[in-house]
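J.: Start from chain W and add chain Y according to the hints.
For the protein sequence lines, the chains are W and Y, in the order given. Going by the numbering used here, the first sequence opens with residue 47, and the numbers climb by one from there. Going by the numbering used here, the second sequence opens with residue 47, and the numbers climb by one from there.
For the record, the hints were derived by calculation from the structure and aren't laboratory data. Quick reminder that beta carbons are idealized off the backbone N, C-alpha and C, glycines included. There may be inaccurate statements among the hints.
What the hints assert, rightly or not - The list that follows gives simulated cross-link-like pairs (lysine to aspartate or glutamate, EDC-like), each with its CA atoms no further than 16 angstroms apart:
{"#": "1", "chain 1": "W", "residue 1": "K67", "chain 2": "Y", "residue 2": "E185"}
{"#": "2", "chain 1": "Y", "residue 1": "K67", "chain 2": "W", "residue 2": "E185"}
{"#": "3", "chain 1": "W", "residue 1": "K67", "chain 2": "Y", "residue 2": "E308"}
Claimed, not checked - Quick list of the computed label-pair ranges, beta carbon to beta carbon:
{"#": "4", "chain 1": "Y", "residue 1": "T277", "chain 2": "W", "residue 2": "M47", "range": "55 to 63 angstroms"}
{"#": "5", "chain 1": "Y", "residue 1": "D106", "chain 2": "W", "residue 2": "P233", "range": "38 to 46 angstroms"}
{"#": "6", "chain 1": "W", "residue 1": "P233", "chain 2": "Y", "residue 2": "R81", "range": "40 to 48 angstroms"}
{"#": "7", "chain 1": "W", "residue 1": "A187", "chain 2": "Y", "residue 2": "E244", "range": "28 to 36 angstroms"}
As the list claims (entries may be wrong) - Here's a subset of chain W near chain Y, in silico, CB distances under 10 angstroms, partners left out:
{"#": "8", "residue": "S90"}
{"#": "9", "residue": "I94"}
{"#": "10", "residue": "V351"}
{"#": "11", "residue": "D353"}
{"#": "12", "residue": "A369"}
Protein chains: 2
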Amino acid sequence: MIRLGILGYGNLGRGVEAAVKHNPDTELVAVFTRRDPATVKINSNAKIYSSKDLAAHKDDIDVLIICGGSATDLPKQTPEAVKYFNVIDSFDTHANIPQHFANVDEAAKAAGHIGFISVGWDPGMFSLARLYSNVILTEGADYTFWGRGVSQGHSDAIRRIEGVKDARQYTVPVPAALEAVRSGKNPELTTREKHTRECYVVAKEGADLKKIENEIKTMPNYFADYDTTVTFITEEEMKKNHAGLPHGGQVIRTGKTGMNNENTHTIEYSLKLDSNPEFTASVLVAFARAAYRMNKDGQTGCKTVFDVPPALLSAETPEYLRAHLL
Amino acid sequence: MIRLGILGYGNLGRGVEAAVKHNPDTELVAVFTRRDPATVKINSNAKIYSSKDLAAHKDDIDVLIICGGSATDLPKQTPEAVKYFNVIDSFDTHANIPQHFANVDEAAKAAGHIGFISVGWDPGMFSLARLYSNVILTEGADYTFWGRGVSQGHSDAIRRIEGVKDARQYTVPVPAALEAVRSGKNPELTTREKHTRECYVVAKEGADLKKIENEIKTMPNYFADYDTTVTFITEEEMKKNHAGLPHGGQVIRTGKTGMNNENTHTIEYSLKLDSNPEFTASVLVAFARAAYRMNKDGQTGCKTVFDVPPALLSAETPEYLRAHLL
Chain W
47 MIRLGILGYG NLGRGVEAAV KHNPDTELVA VFTRRDPATV KINSNAKIYS SKDLAAHKDD
107 IDVLIICGGS ATDLPKQTPE AVKYFNVIDS FDTHANIPQH FANVDEAAKA AGHIGFISVG
167 WDPGMFSLAR LYSNVILTEG ADYTFWGRGV SQGHSDAIRR IEGVKDARQY TVPVPAALEA
227 VRSGKNPELT TREKHTRECY VVAKEGADLK KIENEIKTMP NYFADYDTTV TFITEEEMKK
287 NHAGLPHGGQ VIRTGKTGMN NENTHTIEYS LKLDSNPEFT ASVLVAFARA AYRMNKDGQT
347 GCKTVFDVPP ALLSAETPEY LRAHLL
Chain Y
47 MIRLGILGYG NLGRGVEAAV KHNPDTELVA VFTRRDPATV KINSNAKIYS SKDLAAHKDD
107 IDVLIICGGS ATDLPKQTPE AVKYFNVIDS FDTHANIPQH FANVDEAAKA AGHIGFISVG
167 WDPGMFSLAR LYSNVILTEG ADYTFWGRGV SQGHSDAIRR IEGVKDARQY TVPVPAALEA
227 VRSGKNPELT TREKHTRECY VVAKEGADLK KIENEIKTMP NYFADYDTTV TFITEEEMKK
287 NHAGLPHGGQ VIRTGKTGMN NENTHTIEYS LKLDSNPEFT ASVLVAFARA AYRMNKDGQT
347 GCKTVFDVPP ALLSAETPEY LRAHLL
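Chain W extracted, bound-state conformation (with noise of 0.2 angstroms):
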């Protein structure tokens, strides 16, 4: 059994302590949380401990899996926690990834231990796509989409707007870029040709909707670059239809190969999810078995998908995956 615990106990630690069900090889045996452990209520027999005691449980623990947020949380959870056991995180911050790979390989090796940064779906899953793509076709193109899905960060941004009580982004992709892009054409697509976002908004009482609605539509990064729709809604239609957290998208490769560049070929990722959270905390524990089994095996430092096997990822025996996969 390989012991695993959490660090951050919300959807995406959740997502994790599920996964663990479908791994019976797996067990959870502790849930770190910054809160006070006596108001946590969790969905397992897990242990609950303040994440100020990690360094008490360090023999305890085969492979923490920190599910905080890469703005803030990661950057110091991650270096910090790989000093006690084997870690696992999802750092999403494309640009900083370089800098918190540094961060983390330094502590790792000095703590003889495994430190996976960037696991989920983008960067992870999504990532290995490029890459295997990228390595057959080796002169192409390469595009990623992304949703039709909710974006958290998006949301987040329109609930800081003054006079907004609730409000969910769907991230969407245009269909006729998705289009030609699968045919070979290797359009140079602009953001706004590329995808579109739509806003479902719950206004306070009396709020300004005119405003919000422009104050949305203008916010640089976010939406000004993108044709959006904003739609008011009220809180009971956003507990109706808008609860859940799905996502997914697309990594597509167009490429050429032959003496003379004579043929063209599409290669394509594609992931449809109900939950976000659910999905990214399957390919965390996943990541988990190989970060147990590498460290074993001697590795220590910092990796990410691109060093596994993919046959470590699995319960199964080598025997068995070359008789029913391959």
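T.: Below, chain Y alone, put in the same frame as chain W:
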């Protein structure tokens, strides 16, 4: 530079020759053929040798890419050639993979080389798609669809029928089956429900067309279990409309997550290929790079796509990959 050799100069061998052009860290140094080398013309400056002379060139080649057939060539060629070189093949008789693995593993370990088997798209990239999706969605169902594309084995089977001059067989997924799978309904599908087979046949003068059509449609294993259409065409139409070797297909896994299996997810990996042999060859060259690196690192024995950290497939550095593809 990684020095590559080719054993067998047919469609796949020519594909490898073209793929080397797209991978500037590799060079093609030799082509080995069972024909008289003086009669073989190739598209590059590689040397042409008799396939009997493999041993004499054991120090000139880092990885030999074996481009023979799975039925009778590869079971002999791969264990023999791995005595002299790191080798890689695209062995695709799924049922015999465990035996082929054992034979290659023994010979490769004795010689201190790496022997990659079953590299291409199925087995190969489709196997990876199956493995990655199985470790994430541990409870679910796998579906593999092939086509629309030319099946060489089925085309050959038609050519062996009396009165047939030439033939091309396309395997075609049934759209309704694909749709049902993508919707997450987990349908149970028979062979007939998944694929249809389209046959284009040039008959010899005076041949009994009704008899040919009947022989095709009732051929056990190949056609009897499918809805098959047979269209007779002229030699000119065959040349004009069916000269290429396109192929492709989908690996789809649907599965459940959550404490009570309440959420459904769909993972799909899809290929659309203008040239089956050129795409397969491009996969082979990427894994040849990994074979070279793994052997330099001290590894020996038989390997499959499941054993390769993806970063080893790329000519780029780990730092570049993390910064640009993660």
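J.: All hints, please: hold or fail.
T.: Right, here's what the structure says about each hint:
{"no.": "1", "hint": "K67(W) / E185(Y)", "in the structure": "holds (11 angstroms)"}
{"no.": "2", "hint": "K67(Y) / E185(W)", "in the structure": "holds (11 angstroms)"}
{"no.": "3", "hint": "K67(W) / E308(Y)", "in the structure": "holds (13 angstroms)"}
{"no.": "4", "hint": "T277(Y) / M47(W): 55 to 63 angstroms", "in the structure": "holds (59 angstroms)"}
{"no.": "5", "hint": "D106(Y) / P233(W): 38 to 46 angstroms", "in the structure": "holds (44 angstroms)"}
{"no.": "6", "hint": "P233(W) / R81(Y): 40 to 48 angstroms", "in the structure": "holds (45 angstroms)"}
{"no.": "7", "hint": "A187(W) / E244(Y): 28 to 36 angstroms", "in the structure": "holds (32 angstroms)"}
{"no.": "8", "hint": "S90", "in the structure": "holds (9 angstroms)"}
{"no.": "9", "hint": "I94", "in the structure": "violated (17 angstroms)"}
{"no.": "10", "hint": "V351", "in the structure": "holds (7 angstroms)"}
{"no.": "11", "hint": "D353", "in the structure": "holds (5 angstroms)"}
{"no.": "12", "hint": "A369", "in the structure": "holds (6 angstroms)"}
The structure is inconsistent with hint 9 alone, although it conforms to all the rest.
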